[in-house]
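Q: Residues per chain are reported as follows:
2 protein chains.
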Amino acid sequence: MEMTDLANAVIAGDRRALARAITRVESARADHRAEAVDLVAQARAAGRQALRIGLSGTPGVGKSTFIEAFGMMLVAQGLRVAVLAVDPSSARSGGSILGDKTRMERLSRDPAAFIRPSPSQAQMGGVARRTREAVALCEAAGFDVVLVETVGVGQSETVVAEICDLFILLLAPAGGDELQGVKRGIMEMADLILVNKADGDLKPAAQRTRADYAGALHLLRRRPQDPEGFPKALCVSAIEDSGLTEAWADMQRLAGWRKANGHWQSRRAHQARHWFGEEVRQGLLSVLDREPAKGSMAALGARVEAGDLSPEAAATQMLALLGRA
Amino acid sequence: MEMTDLANAVIAGDRRALARAITRVESARADHRAEAVDLVAQARAAGRQALRIGLSGTPGVGKSTFIEAFGMMLVAQGLRVAVLAVDPSSARSGGSILGDKTRMERLSRDPAAFIRPSPSQAQMGGVARRTREAVALCEAAGFDVVLVETVGVGQSETVVAEICDLFILLLAPAGGDELQGVKRGIMEMADLILVNKADGDLKPAAQRTRADYAGALHLLRRRPQDPEGFPKALCVSAIEDSGLTEAWADMQRLAGWRKANGHWQSRRAHQARHWFGEEVRQGLLSVLDREPAKGSMAALGARVEAGDLSPEAAATQMLALLGRA
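So the sequence lines, in the order shown, correspond to chains A and B. Under my numbering, think of the first position of the first sequence as 1, with each following residue one higher. Under my numbering, think of the first position of the second sequence as 326, with each following residue one higher.
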C-alpha cells in the first residue's frame with residue numbers, strides 16, 4: 001500500500017490501517033524510515049489534536065486496571081481512546097506492559113478504543129520517536145484521548161512528559177516513609193497524582209498517602225501554567241469505579257485553563273523544538289552505529305582498553321576518520 | 326611556556342605548574358584544547374598512578390570537614406593528597422563547593438596537599454573531561470591519593486564513579502525513613518558508606534543509620550570485584566578524628582584486593598573505553614555549537630516552534646545541511 005493510501009485510511013479511522021502505520025514507524029529499516037516520515041507528515045497535515053495524557057506508575061500500582069476503568073468511562077461518554085505504551089525495559093524483559101491484553105479485556109474489545117503495546121527490542125531514542133509518531137497517527141485517526149503509559153524506569157517519564165499535554169502519576173497506598181521513594185523530578189512533572197486502590201481495607205492507607213502527597217505537592221512551587229489548586233492529589237479506585245469522574249473533570253479543567261491561557265500551545269511548541277534537537281543529535285550520532293565507523297570505533301576502543309592509546313588521542317583519530325578533526 | 330616545559334614542571338612536582346596546567350585543560354578555547362591534549366598525553370606518559378577516590382555527599386553531611394580531617398591523616402602518613410571538585414551546579418550557583426578554602430584551612434596550607442575548586446560555568450560534558458584530565462595531571466605530579474568530590478546532583482556521581490578507582494558515599498546521621506532518600510543507583514556504586522558526625526549527641530543516630538545502610542547494602546548483590554564484607558558501612562567523626570584510620574584501612578584493603586585480582590586494571594581499561602566513546606560523541610555533537618550549524622538550528626527550531634515545519638522534517642533538513650542526510 002502506498003503511504004498516501006495508508007495515511008488516508010488512517011485519517012478515515014481504519015483501525016487496521018492505524019496498526020499497520022504504527023508498525024511502519026516502529027521499523028528500523030532505512031527505507032521504512034523514509035516512508036514513516038512521509039506517513040507522519042501526511043497524518044499531521046490532517047490537523048487533528050487529541051488530549052495527550054502521560055501516565056506513569058511502577059508495577060503493582062494497578063496501571064492496567066486503572067486504564068481499563070478510566071478508558072471505559074471515557075468510551076461511555078462517547079470519546080474515542082487510544083492507549084500506547086513506552087517501555088524501554090521491554091528489550092530486556094522480552095515482554096511489554098500491555099502485552100497481556102487480557103488485563104484490559106473490555107477496553108481492548110471496544111470499537112472506540114485502540115490499545116498498542118510497546119514494541120520489543122526498543123532503545124530509548126527509538127522509543128521516543130516511535131511514541132511521538134504513533135501519537136501523531138492516533139491523533140490523525142480521530143482519537144479524542146491518547147493515553148501514553150510508562151513504568152517508572154530510567155528516562156522514560158521525561159520522554160513521556162515531553163510528548164504529552166498532561167502528566168499523571170499513579171500510586172498505590174503506602175506508609176508515609178515511602179514518600180521519598182518517588183523521585184523528586186517525577187513529582188515535579190506530575191499535574192495530577194492519583195492514589196489507586198482506595199477501596200476496602202486499603203482505603204484509610206490510600207487517604208493518608210493522598211494527604212502526604214498533597215502536602216508534598218504543596219511544598220513545590222506552583223507553576224505559572226497551572227490554575228489554583230494544581231498540581232493535585234486524589235484518591236481513585238479502579239475496581240470500585242470511584243474517583244475516576246473527578247479525576248477526568250480535573251484533567252479537563254487543567255487542559256481548558258492551559259488552552260485559554262496559551263500554555264497549551266506554547267508547551268506543544270517547546271516540545272516540538274525539543275524533539276527537533278533530539279532528532280538532529282540522534283541523526284549525527286547514528287553514523288557510529290554503521291560501518292565503517294562502527295568497526296573503527298571497535299578497533300580504536302580495543303587499543304584504548306589495552307592502554308596503547310589514550311581516550312583523547314583515540315577520539316581525535318576517530319573524529320579525523322569521520323572528517324571532523 | 327611550552328607544553329613540554331609545563332608538563333616537565335608538573336612531573337617535577339611544581340605546584341604552580343600543576344595549577345597552570347589544570348587551568349589549561351579547563352579552557353574552552355580551541356587552541357588551548359589542542360595544547361591540553363598534548364599536555365595530558367605527556368603527563369600520562371610519566372606512567373604514574375594514584376589511588377583515585379570519588380567522594381559523594383549532599384550539602385550538610387560535613388564533606389569539607391571530612392576531607393580536611395581525612396586529608397590531614399593521609400598527609401601525616403607521608404602521603405601526598407590532591408582534592409578536585411566536580412560541581413556541575415556551580416554554573417548556576419556561581420560558587421563552587423571548594424571555593425571556601427577556609428573550610429579546609431590546614432589542608433589547603435599543607436605543602437603535601439593540593440586543593441582545586443570546580444571551575445565555574447562548567448557543563449557536565451566539559452566537567453567530565455576536565456576532571457579526567459586534571460586527575461591525570463595530579464597523578465603525573467606524583468600525588469598518591471586523588472580525592473574527587475561531588476555533590477549529589479544529576480549525573481555527577483556517575484561521572485565521578487567512571488573516573489575513580491573507589492567510590493565513597495558520605496552521609497549524615499538520620500532517621501530510618503530517610504534511607505530511601507539516597508538514590509538506589511548511588512548505593513549500588515558505593516564501595517564504602519561513611520556515616521559522618523558520629524560524635525556527641527548524634528552518635529546513637531549515626532550508629533542506627535550505619536546499621537540501616539549496612540542492612541540495605543547486604544540486600545544488594547555482592548559484586549565479583551569485591552572481597553567478602555564489601556561494600557561496607559562505617560561510622561566516622563571528622564571533628565573527633567575517629568573512624569578515619571579504619572576507613573582508610575578498608576580503602577587500602579579493597580584497592581589491594583582488586584589489584585591482586587585484576588579488577589583494578591580492567592576497571593581502568595573499561596573507564597578509558599567509556600571516555601573514548603564519550604569524547605567521540607561530544608566531538609560529533611560539538612558542530613551544533615558552532616556557526617553556521619548553530620544559526621541553522623536556531624532558524625529551523627523557530628520554524629518548528631511556530632508550527633511551520635514538523636520536528637522530523639526540520640531534522641531531515643538540518644542533517645542534509647550537515648551533509649548527513
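Note that these hints are calculated values from the structure, not bench results. There could be a bad hint or two in this list.
The calculated lysine to aspartate or glutamate pairs, modelled on DMTMM-like cross-linking and capped at a C-alpha distance of 20 angstroms, are [said to hold, decoys possible]:
id, chain 1, residue 1, chain 2, residue 2
1, B, K557, B, D575
2, B, K619, A, E278
3, A, K259, B, D575
4, B, K584, A, E305
5, A, K203, A, E240
Simulated coverage check for chain A against chain B, where a stretch passes if three residues somewhere in it have a Cβ under 8 angstroms from a Cβ of chain B [claimed, not checked]:
id, stretch
6, 18-28
7, 64-74
8, 301-313
Here are some, though not all, of the chain A residues that point toward chain B, as calculated from beta-carbon distances under 8 angstroms [unchecked claim]:
id, residue
9, R44
10, A46
11, Q49
12, W257
13, M318
Just so it is clear, CB atoms sit at the ideal spot from N, CA and C, and this is done for glycine as well.
Q: Run the distance test for K203 (chain A) versus E240 (chain A): straight-line Cα separation, threshold 20 angstroms.
A: holds (11 angstroms)
Q: Need the status of pair K619 (chain B), E278 (chain A): alpha-carbon distance at most 20 angstroms?
A: Satisfied, since the Cα-Cα distance of roughly 14 angstroms is no more than 20 angstroms.
Q: Using the nearest Cβ pair, does Q49 (chain A) come within less than 8 angstroms of chain B?
A: Given a least distance of 11 angstroms, the restraint on Q49 (chain A) is violated.
Q: Checking one constraint from the list: CA of K259 (chain A) to CA of D575 (chain B), max 20 angstroms. Satisfied?
A: Between K259 (chain A) and D575 (chain B) the Cα gap is close to 59 angstroms, so the pair fails against 20 angstroms, i.e. violated.
Q: Is K584 (chain B) within 20 angstroms of E305 (chain A), Cα to Cα?
A: It holds: about 16 angstroms lies between the C-alpha atoms, which stays within 20 angstroms.
Q: Verify the interface restraint on M318 (chain A): the C-beta must sit less than 8 angstroms from at least one C-beta of chain B.
A: holds (5 angstroms)
Q: Using C-beta distances, would you say chain B covers the stretch 18-28 of chain A, given that this needs three or more residues below 8 angstroms?
A: This one is violated; 0 residues, fewer than the three required, reach chain B with a Cβ under 8 angstroms.
Q: Is the Cα-Cα distance between K557 (chain B) and D575 (chain B) 20 angstroms or less?
A: Answer holds: K557 (chain B) to D575 (chain B) is near 9 angstroms, not above 20 angstroms.
Q: The hint names A46 (chain A) as touching chain B; please verify it with the least Cβ-Cβ distance against 8 angstroms.
A: Violated, about 13 angstroms.
Q: Quick check on R44 (chain A) please, does its C-beta sit within 8 angstroms of some C-beta on chain B?
A: At about 6 angstroms, which falls below the 8 angstroms cut-off, the nearest Cβ of chain B leaves the hint on R44 (chain A) intact, so it holds.
Q: Examine the stretch 301-313 of chain A: at least three residues should have C-beta closer than 8 angstroms to a C-beta of chain B.
A: Satisfied; 9 residues make the cut.
Q: Can the hint on W257 (chain A) be confirmed by a CB-to-CB distance to chain B that is less than 8 angstroms?
A: Cβ of W257 (chain A) sits 22 angstroms from chain B, so the hint is violated.
The structure is inconsistent with the numbered hints 3, 6, 7, 10, 11, 12, although it conforms to all the rest.
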